[in-house]
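Visitor: Protein chains in written order, with this note's numbering: chain A, 1 to 300; chain B, 301 to 600.
In case anyone wonders, no lab produced these hints; they're calculated from the structure.
Among these hints, one or two may not hold up.
Stated by the list, open to error - Once the Cα atoms are required to be at most 16 Å apart in a straight line, the calculated EDC-like pairs of lysine to aspartate or glutamate come out as:
1) B:Lys404 x B:Glu536
2) B:Lys351 x B:Glu597
3) A:Lys51 x A:Asp99
4) A:Lys245 x A:Glu170
5) B:Lys471 x A:Asp33
6) B:Lys471 x A:Asp112
7) B:Lys551 x B:Asp396
8) A:Lys171 x B:Asp396
9) A:Lys171 x B:Asp321
All values derive from a computational prediction rather than experimental measurement.
What follows is each chain in one-letter form.
Protein chains: 2
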Amino acid sequence: MGAQSTSLLESAIAQVAAEVDELFDQLLQVPDDARARLYQAMRHAAIGGGKRLRPLLVIATASIFNVSRVYAVRAGTAVEAIHVYSLVHDDLPCMDDDDLRRGKPTVHKAFDEATAVLAGDSLHALAFEILADAATHPDPFTRSELIATLATASGPSGMAGGQMMDLEAEKSSFDLPTVTRLQALKTGALIAASVEMGAILGHVPPEGRTHLRGYARDIGLAFQIVDDIMDVEGDEALAGKALHKDADAGKATFVSLMGLERAKQQAGMLVEQSVSHLAGYGHEADLLRAIARYVLERDR
Amino acid sequence: MGAQSTSLLESAIAQVAAEVDELFDQLLQVPDDARARLYQAMRHAAIGGGKRLRPLLVIATASIFNVSRVYAVRAGTAVEAIHVYSLVHDDLPCMDDDDLRRGKPTVHKAFDEATAVLAGDSLHALAFEILADAATHPDPFTRSELIATLATASGPSGMAGGQMMDLEAEKSSFDLPTVTRLQALKTGALIAASVEMGAILGHVPPEGRTHLRGYARDIGLAFQIVDDIMDVEGDEALAGKALHKDADAGKATFVSLMGLERAKQQAGMLVEQSVSHLAGYGHEADLLRAIARYVLERDR
Numbered sequence: 001m002g003a004q005s006t007s008l009l010e011s012a013i014a015q016v017a018a019e020v021d022e023l024f025d026q027l028l029q030v031p032d033d034a035r036a037r038l039y040q041a042m043r044h045a046a047i048g049g050g051k052r053l054r055p056l057l058v059i060a061t062a063s064i065f066n067v068s069r070v071y072a073v074r075a076g077t078a079v080e081a082i083h084v085y086s087l088v089h090d091d092l093p094c095m096d097d098d099d100l101r102r103g104k105p106t107v108h109k110a111f112d113e114a115t116a117v118l119a120g121d122s123l124h125a126l127a128f129e130i131l132a133d134a135a136t137h138p139d140p141f142t143r144s145e146l147i148a149t150l151a152t153a154s155g156p157s158g159m160a161g162g163q164m165m166d167l168e169a170e171k172s173s174f175d176l177p178t179v180t181r182l183q184a185l186k187t188g189a190l191i192a193a194s195v196e197m198g199a200i201l202g203h204v205p206p207e208g209r210t211h212l213r214g215y216a217r218d219i220g221l222a223f224q225i226v227d228d229i230m231d232v233e234g235d236e237a238l239a240g241k242a243l244h245k246d247a248d249a250g251k252a253t254f255v256s257l258m259g260l261e262r263a264k265q266q267a268g269m270l271v272e273q274s275v276s277h278l279a280g281y282g283h284e285a286d287l288l289r290a291i292a293r294y295v296l297e298r299d300r
Numbered sequence: 301m302g303a304q305s306t307s308l309l310e311s312a313i314a315q316v317a318a319e320v321d322e323l324f325d326q327l328l329q330v331p332d333d334a335r336a337r338l339y340q341a342m343r344h345a346a347i348g349g350g351k352r353l354r355p356l357l358v359i360a361t362a363s364i365f366n367v368s369r370v371y372a373v374r375a376g377t378a379v380e381a382i383h384v385y386s387l388v389h390d391d392l393p394c395m396d397d398d399d400l401r402r403g404k405p406t407v408h409k410a411f412d413e414a415t416a417v418l419a420g421d422s423l424h425a426l427a428f429e430i431l432a433d434a435a436t437h438p439d440p441f442t443r444s445e446l447i448a449t450l451a452t453a454s455g456p457s458g459m460a461g462g463q464m465m466d467l468e469a470e471k472s473s474f475d476l477p478t479v480t481r482l483q484a485l486k487t488g489a490l491i492a493a494s495v496e497m498g499a500i501l502g503h504v505p506p507e508g509r510t511h512l513r514g515y516a517r518d519i520g521l522a523f524q525i526v527d528d529i530m531d532v533e534g535d536e537a538l539a540g541k542a543l544h545k546d547a548d549a550g551k552a553t554f555v556s557l558m559g560l561e562r563a564k565q566q567a568g569m570l571v572e573q574s575v576s577h578l579a580g581y582g583h584e585a586d587l588l589r590a591i592a593r594y595v596l597e598r599d600r
């Protein structure tokens, strides 16, 4: 990656992280009553952590179409609220039972399980509160389209469905097409929704979104392959979460099914392919290109 | 209650129950892949049970304004999806740890805890999928208003906030104003949202909703007082869930704070007051009146 696109990406990441944190901080002011603990848990989960890849994708896509930044930041924060709720629930003892997330204790460790369930549920509702608010877009049709996209991507036919498949993966031995489908739902659906929501904010009609959808599908898959590679090769301190869990659980992953070398090649190929979908765009899509390359290199 | 309003109510309850079940059945067709278990758990929780009070309120309110029944049933089913998800999560071992719900094993008993977390999350997303769909209302502004109302009522400033207060109630000794506030959030917010959504579907502007809001606030509170009375006096087999839990947990309730007799008087007074808010409406509001009286008598 050239120095120029690195700095474009780095400043974009820093800016988006600050904007998302600021909006969460605004929306999650701790009330002076018995709900305080719930808001504290939501803040613990939502503020100050993560790469904010999903808001970055919403904002980078929206910026191609000169969407007002305020709208893109709000829509991106809604997607991030969904992502964060899914992490809080995924970390629960009855799910992945993780103690560490983004370098901090998980919500059920820092608070307790019941609070973690409610904090996840509350972040889930918050996502739709944000999107239904006229501040996210003055046009109600656009808001409805954003909401439909996010609800479908996060529900049983998307992310939650993928998480269910992931639970079943411990009992079955999935083949490569099944693992690909699992990941397309579990992480791919929300990544695809992020790009889609940027296009919706840009009033791009569905038939004009084909290339952006191709880009999103490819980086979503590359992202998950790199995740599987990091699970084998990564450094827990750097990742801020427990690794090597898939192998321990005997789950089929891209690495277990393809081998480490082929998985790396495949991830690289997918990133190049994702960038090729953007050939019709000029410099206005440079941030999306830089994000694609970052997906590949984030394990370094 | 007169025989006429009983039969009006009974046939309305039966019809709404069938309509809600039919829509859930349609929306939750079990896919032929590893997500099957998730959909089965959602169906277990959502289909064939409960009084469907919230959809009934949406539909009864919407019918005052001659709203197309299809819209009202869809909006009511969205509220019910939120209610059902909250029951599934509330029953989890880390929350209320209940084995029985609506006369059936709870989802984590019939399936497992992880599936129950995901089934709840999926029903939560489904609610917003339903509302964002143009089939719920052709006007996107109306859809956005429905979504904002439901998201706010179910999130941390509504239902989830009330559940958090309820968890804290085991540690603190709440006074009557605090218990009233807790219940206004925990159950009142979603009951109020049901009536509000009926009015939204009827294109009633916010300033025209004052009496309906008064009605909803009063029956919401009456509903919870009756719930506390049933927790003391009720029959577990009839209720289809565990009772006497509040007293066992040492939680302050309307009954523990007011005494049984005063609680009964208060519930009766609230129901009469809720009906008085409907004085400006004619026979078109008879179903809402019958629902109010049913809230009081459901413990018989």
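Visitor: Each of the hints needs a verdict: does it hold here or not?
Guide: Status of each hint after checking the structure:
1. B:Lys404 x B:Glu536: holds, 12 Å
2. B:Lys351 x B:Glu597: Holds, at about 13 Å.
3. A:Lys51 x A:Asp99: violated, 19 Å
4. A:Lys245 x A:Glu170: The given pair, whose Cα atoms are some 11 Å apart, holds under the 16 Å limit.
5. B:Lys471 x A:Asp33: holds, 14 Å
6. B:Lys471 x A:Asp112: holds, 14 Å
7. B:Lys551 x B:Asp396: Holds. B:Lys551 to B:Asp396 sits at ~13 Å (cutoff 16 Å).
8. A:Lys171 x B:Asp396: Roughly 29 Å between the alpha carbons, so the hint for A:Lys171 and B:Asp396 is violated.
9. A:Lys171 x B:Asp321: violated, 32 Å
Taken one by one, the earlier hints fail for this structure at numbers 3, 8 and 9, listed in ascending order.
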